[in-house]
Amino acid sequence: MFTGIITNIGTIVNWKPAKDGGRMGVRPQKKYPKIKMGESIALNGCCLTVVGYKKGLIDFDISDETIRKTAFLEIGKGRRVNLERAMMAHSALGGHFVLGHVDGVGSIKAIKKNPGSVEYTIAYPKKFAHLMIEKGSVSVDGISLTVCNLTKSTFEVYIIPHTLKETIMSEYTVGQKVNLEFDVLGKYVARLKA
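Take the sequence shown: its letters are residues 1 to 194, numbered as in our numbering.
Any given hint could turn out to be false.
[Stated by the list, open to error] Straight-line C-alpha distance at most 25 Å; calculated DSS-like pairs for lysine-lysine: (1) Lys55 / Lys19; (2) Lys177 / Lys127; (3) Lys36 / Lys54; (4) Lys31 / Lys187; (5) Lys55 / Lys36; (6) Lys16 / Lys31; (7) Lys112 / Lys55; (8) Lys77 / Lys177; (9) Lys36 / Lys109; (10) Lys31 / Lys77; (11) Lys177 / Lys193; (12) Lys165 / Lys135; (13) Lys77 / Lys113; (14) Lys19 / Lys34; (15) Lys19 / Lys69.
Honestly, the hints are just simulated from the structure, not real lab data. Note that the structure is predicted; figures quoted are calculated from it, not measured.
Input sequences plus hints: build the corresponding full structure.
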(Lines of atoms letter the chains of each structure in order from A and count residues from 1; the text may use other names and numbers.)
(Lines give C-alpha, C1' and ligand atoms only; values in the text may rest on other atoms or scores of the structure.)
Protein backbone atom coordinates (compact mmCIF):
# COMPACT_ATOMS: atom_id res chain seq x y z
CA MET A 1 0.00 0.00 0.00
CA PHE A 2 1.09 3.55 -0.73
CA THR A 3 0.10 7.08 0.30
CA GLY A 4 0.27 8.96 -3.00
CA ILE A 5 3.05 11.20 -1.67
CA ILE A 6 5.87 10.92 -4.21
CA THR A 7 9.26 10.48 -2.55
CA ASN A 8 11.56 10.14 -5.54
CA ILE A 9 11.75 10.60 -9.30
CA GLY A 10 13.44 8.05 -11.52
CA THR A 11 14.63 7.98 -15.11
CA ILE A 12 13.92 5.01 -17.36
CA VAL A 13 17.22 3.54 -18.52
CA ASN A 14 15.80 0.61 -20.45
CA TRP A 15 12.30 -0.52 -21.40
CA LYS A 16 11.36 -2.85 -24.22
CA PRO A 17 7.68 -3.75 -23.90
CA ALA A 18 6.32 -6.78 -25.71
CA LYS A 19 2.86 -8.37 -25.92
CA ASP A 20 3.75 -10.77 -23.12
CA GLY A 21 5.38 -8.15 -20.88
CA GLY A 22 8.87 -6.75 -20.51
CA ARG A 23 11.57 -5.58 -18.13
CA MET A 24 12.07 -1.95 -17.15
CA GLY A 25 15.21 -0.49 -15.60
CA VAL A 26 14.89 2.75 -13.63
CA ARG A 27 17.56 4.90 -12.00
CA PRO A 28 16.20 6.91 -9.04
CA GLN A 29 17.44 10.49 -8.52
CA LYS A 30 17.94 9.85 -4.81
CA LYS A 31 19.60 6.58 -3.90
CA TYR A 32 17.44 4.20 -1.94
CA PRO A 33 19.05 2.61 1.11
CA LYS A 34 18.49 -1.11 1.58
CA ILE A 35 16.40 -2.01 -1.46
CA LYS A 36 15.35 -5.65 -1.18
CA MET A 37 14.50 -8.14 -3.89
CA GLY A 38 10.73 -8.60 -3.93
CA GLU A 39 10.07 -5.14 -2.45
CA SER A 40 7.11 -3.17 -3.80
CA ILE A 41 7.66 0.25 -5.36
CA ALA A 42 4.97 2.29 -7.10
CA LEU A 43 6.12 3.59 -10.47
CA ASN A 44 3.70 6.22 -11.81
CA GLY A 45 1.17 4.76 -9.41
CA CYS A 46 1.56 1.13 -10.47
CA CYS A 47 2.78 -1.31 -7.81
CA LEU A 48 5.80 -3.16 -9.19
CA THR A 49 8.13 -5.75 -7.67
CA VAL A 50 11.88 -5.20 -7.51
CA VAL A 51 13.55 -8.06 -9.42
CA GLY A 52 17.02 -6.55 -9.58
CA TYR A 53 19.04 -3.80 -7.93
CA LYS A 54 22.63 -3.14 -8.95
CA LYS A 55 24.71 0.04 -9.04
CA GLY A 56 21.67 2.22 -8.34
CA LEU A 57 19.55 0.70 -11.12
CA ILE A 58 16.24 -0.91 -10.16
CA ASP A 59 14.76 -3.57 -12.44
CA PHE A 60 11.06 -4.42 -12.63
CA ASP A 61 9.30 -7.14 -14.61
CA ILE A 62 6.12 -5.80 -16.23
CA SER A 63 3.32 -8.25 -17.05
CA ASP A 64 1.14 -8.11 -20.15
CA GLU A 65 -1.85 -7.29 -17.90
CA THR A 66 0.02 -4.29 -16.46
CA ILE A 67 0.89 -3.08 -19.95
CA ARG A 68 -2.80 -3.29 -20.96
CA LYS A 69 -4.05 -1.41 -17.88
CA THR A 70 -1.46 1.37 -17.74
CA ALA A 71 0.13 4.09 -19.84
CA PHE A 72 3.46 2.23 -19.85
CA LEU A 73 3.43 1.84 -23.65
CA GLU A 74 3.55 5.66 -23.83
CA ILE A 75 6.83 5.95 -21.93
CA GLY A 76 10.34 5.14 -23.09
CA LYS A 77 14.04 5.44 -22.37
CA GLY A 78 14.96 8.78 -20.81
CA ARG A 79 11.44 9.47 -19.52
CA ARG A 80 11.13 10.50 -15.88
CA VAL A 81 8.69 8.68 -13.58
CA ASN A 82 7.22 9.12 -10.10
CA LEU A 83 8.44 6.66 -7.45
CA GLU A 84 7.13 5.77 -4.00
CA ARG A 85 8.21 2.92 -1.75
CA ALA A 86 5.47 0.96 -0.01
CA MET A 87 4.33 2.52 3.25
CA MET A 88 5.23 0.92 6.58
CA ALA A 89 2.86 0.42 9.50
CA HIS A 90 4.31 3.48 11.25
CA SER A 91 4.28 5.70 8.13
CA ALA A 92 2.35 8.96 8.07
CA LEU A 93 -0.62 8.86 5.71
CA GLY A 94 -0.17 12.23 4.03
CA GLY A 95 -2.30 11.48 0.98
CA HIS A 96 -4.89 8.70 0.78
CA PHE A 97 -4.87 4.89 0.53
CA VAL A 98 -3.29 4.08 -2.84
CA LEU A 99 -3.03 0.38 -3.66
CA GLY A 100 -0.93 0.70 -6.78
CA HIS A 101 -3.57 -1.17 -8.79
CA VAL A 102 -4.15 1.11 -11.78
CA ASP A 103 -7.82 1.20 -12.83
CA GLY A 104 -7.37 2.85 -16.19
CA VAL A 105 -5.66 5.46 -18.31
CA GLY A 106 -6.65 9.11 -18.52
CA SER A 107 -5.31 11.91 -20.69
CA ILE A 108 -4.33 15.51 -20.10
CA LYS A 109 -6.92 17.69 -21.86
CA ALA A 110 -5.78 21.17 -20.80
CA ILE A 111 -3.09 22.87 -18.73
CA LYS A 112 -3.63 26.37 -17.35
CA LYS A 113 -1.14 28.34 -15.28
CA ASN A 114 -2.72 30.32 -12.46
CA PRO A 115 -1.08 32.52 -9.82
CA GLY A 116 0.25 30.03 -7.26
CA SER A 117 -0.89 26.84 -9.02
CA VAL A 118 -1.24 24.99 -12.30
CA GLU A 119 -4.67 23.65 -13.28
CA TYR A 120 -4.83 20.35 -15.17
CA THR A 121 -8.00 19.06 -16.83
CA ILE A 122 -7.88 15.28 -17.09
CA ALA A 123 -10.22 13.06 -19.10
CA TYR A 124 -11.04 9.70 -17.54
CA PRO A 125 -12.95 6.62 -18.79
CA LYS A 126 -16.69 7.25 -18.29
CA LYS A 127 -17.19 3.76 -16.87
CA PHE A 128 -15.49 5.01 -13.68
CA ALA A 129 -17.75 8.06 -13.18
CA HIS A 130 -19.60 6.38 -10.29
CA LEU A 131 -16.31 6.19 -8.36
CA MET A 132 -15.58 9.92 -8.58
CA ILE A 133 -16.86 12.58 -6.19
CA GLU A 134 -16.19 16.31 -5.96
CA LYS A 135 -13.40 16.93 -3.42
CA GLY A 136 -12.69 13.19 -3.29
CA SER A 137 -9.30 11.61 -3.85
CA VAL A 138 -7.78 10.25 -7.05
CA SER A 139 -4.30 8.99 -7.86
CA VAL A 140 -2.78 10.43 -11.05
CA ASP A 141 0.52 8.71 -11.91
CA GLY A 142 0.70 7.77 -8.24
CA ILE A 143 0.12 11.30 -6.90
CA SER A 144 -2.69 11.69 -4.35
CA LEU A 145 -4.81 14.58 -5.62
CA THR A 146 -8.15 16.23 -4.87
CA VAL A 147 -10.89 16.06 -7.51
CA CYS A 148 -12.30 19.46 -8.56
CA ASN A 149 -14.86 20.57 -11.17
CA LEU A 150 -15.97 17.01 -11.84
CA THR A 151 -17.96 16.14 -14.97
CA LYS A 152 -19.02 12.76 -16.39
CA SER A 153 -15.79 12.55 -18.38
CA THR A 154 -13.27 15.04 -16.92
CA PHE A 155 -12.00 16.41 -13.64
CA GLU A 156 -9.54 19.12 -12.66
CA VAL A 157 -6.68 19.19 -10.21
CA TYR A 158 -4.83 22.25 -8.94
CA ILE A 159 -1.12 21.71 -8.37
CA ILE A 160 0.98 23.86 -6.05
CA PRO A 161 4.67 24.62 -6.76
CA HIS A 162 5.92 22.06 -4.21
CA THR A 163 4.07 19.22 -5.95
CA LEU A 164 5.29 20.42 -9.35
CA LYS A 165 8.86 20.30 -8.04
CA GLU A 166 8.62 16.90 -6.34
CA THR A 167 6.77 15.04 -9.14
CA ILE A 168 6.79 14.78 -12.94
CA MET A 169 3.62 16.88 -13.35
CA SER A 170 5.55 19.92 -14.60
CA GLU A 171 6.55 17.80 -17.62
CA TYR A 172 2.99 16.91 -18.65
CA THR A 173 1.77 17.99 -22.07
CA VAL A 174 -1.73 18.11 -23.55
CA GLY A 175 -2.65 14.67 -24.86
CA GLN A 176 -0.29 12.83 -22.53
CA LYS A 177 -1.60 9.58 -21.02
CA VAL A 178 -1.59 9.14 -17.24
CA ASN A 179 -2.30 6.22 -14.90
CA LEU A 180 -5.44 6.61 -12.79
CA GLU A 181 -6.45 4.82 -9.61
CA PHE A 182 -9.78 5.68 -8.06
CA ASP A 183 -10.33 5.80 -4.31
CA VAL A 184 -10.47 2.26 -2.89
CA LEU A 185 -13.13 3.28 -0.35
CA GLY A 186 -15.38 4.41 -3.19
CA LYS A 187 -14.80 1.10 -4.96
CA TYR A 188 -15.90 -0.91 -1.93
CA VAL A 189 -18.99 1.25 -1.42
CA ALA A 190 -19.90 0.83 -5.10
CA ARG A 191 -19.45 -2.93 -4.78
CA LEU A 192 -21.68 -3.10 -1.69
CA LYS A 193 -24.41 -1.15 -3.48
CA ALA A 194 -24.25 -3.37 -6.61
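The hints, checked one at a time:
no. : hint            : verdict
1   : Lys55 / Lys19   : violated (29 Å)
2   : Lys177 / Lys127 : holds (17 Å)
3   : Lys36 / Lys54   : holds (11 Å)
4   : Lys31 / Lys187  : violated (35 Å)
5   : Lys55 / Lys36   : holds (13 Å)
6   : Lys16 / Lys31   : holds (24 Å)
7   : Lys112 / Lys55  : violated (40 Å)
8   : Lys77 / Lys177  : holds (16 Å)
9   : Lys36 / Lys109  : violated (38 Å)
10  : Lys31 / Lys77   : holds (19 Å)
11  : Lys177 / Lys193 : violated (31 Å)
12  : Lys165 / Lys135 : holds (23 Å)
13  : Lys77 / Lys113  : violated (28 Å)
14  : Lys19 / Lys34   : violated (32 Å)
15  : Lys19 / Lys69   : holds (13 Å)
In summary, the numbered hints that this structure violates are 1, 4, 7, 9, 11, 13 and 14.
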